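With the first letter of the sequence shown counted as 1, position 52 gets the number 1013 in my numbering; the numbers rise by one all the way through.
Source of the hints: derived by calculation from the structure; they are not laboratory data.
In this text the structure is predicted, and so the values were computed from the model without any measurement.
Virtual Cβ for every residue (Gly too), placed ideally from N, Cα, C.
Just so you know, not all the hints are guaranteed correct.
[Claimed, not checked] Computed spacing ranges between beta-carbons, pair by pair:
hint, residue 1, residue 2, range
1, R979, R1014, 27 to 33 Å
2, L1013, G992, 25 to 31 Å
3, D978, R1014, 20 to 26 Å
4, D978, L1013, 30 to 36 Å
5, E970, G992, 18 to 24 Å
6, L1013, S986, 19 to 25 Å
7, R1014, E980, 28 to 34 Å
8, E969, L998, 25 to 31 Å
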Amino acid sequence: MRVVVNHEEQYSIWAADRELPQGWSDAGFAGTREECLAHIETAWTDMRPLSLRH
962 MRVVVNHEEQ
972 YSIWAADREL
982 PQGWSDAGFA
992 GTREECLAHI
1002 ETAWTDMRPL
1012 SLRH
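Input sequences plus hints: build the corresponding full structure.
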């Protein structure tokens, strides 16, 4: 699994062997599902989409 992020800085996990969905990019972290979710918990501290933070 790997962590992915979209243009609104929203995070998700995605299978490492699958092509990324449109609008998402690799966030630079890969591991087990649990490791990825733990990483997201520390990285995604503001759940609001980026467009609502300004």
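Comparing the hints with the structure gives:
1. A C-beta distance of roughly 29 Å is found between R979 and R1014, which places it inside the suggested range of 27 to 33 Å.
2. For L1013 paired with G992, a C-beta distance near 29 Å keeps the hint of 25 to 31 Å intact.
3. Look at D978 against R1014: about 33 Å separates their beta carbons, and that is not inside 20 to 26 Å.
4. D978 and L1013 have their C-beta atoms about 33 Å apart, which keeps the hinted 30 to 36 Å range intact.
5. For E970 paired with G992, a C-beta distance near 20 Å keeps the hint of 18 to 24 Å intact.
6. Between L1013 and S986 the beta carbon distance is about 20 Å. The supplied range of 19 to 25 Å therefore holds.
7. In this structure, R1014 and E980 meet the distance hint of 28 to 34 Å, their C-beta atoms being roughly 29 Å apart.
8. The hinted range of 25 to 31 Å is not satisfied by E969 and L998, whose Cβ atoms lie roughly 19 Å apart.
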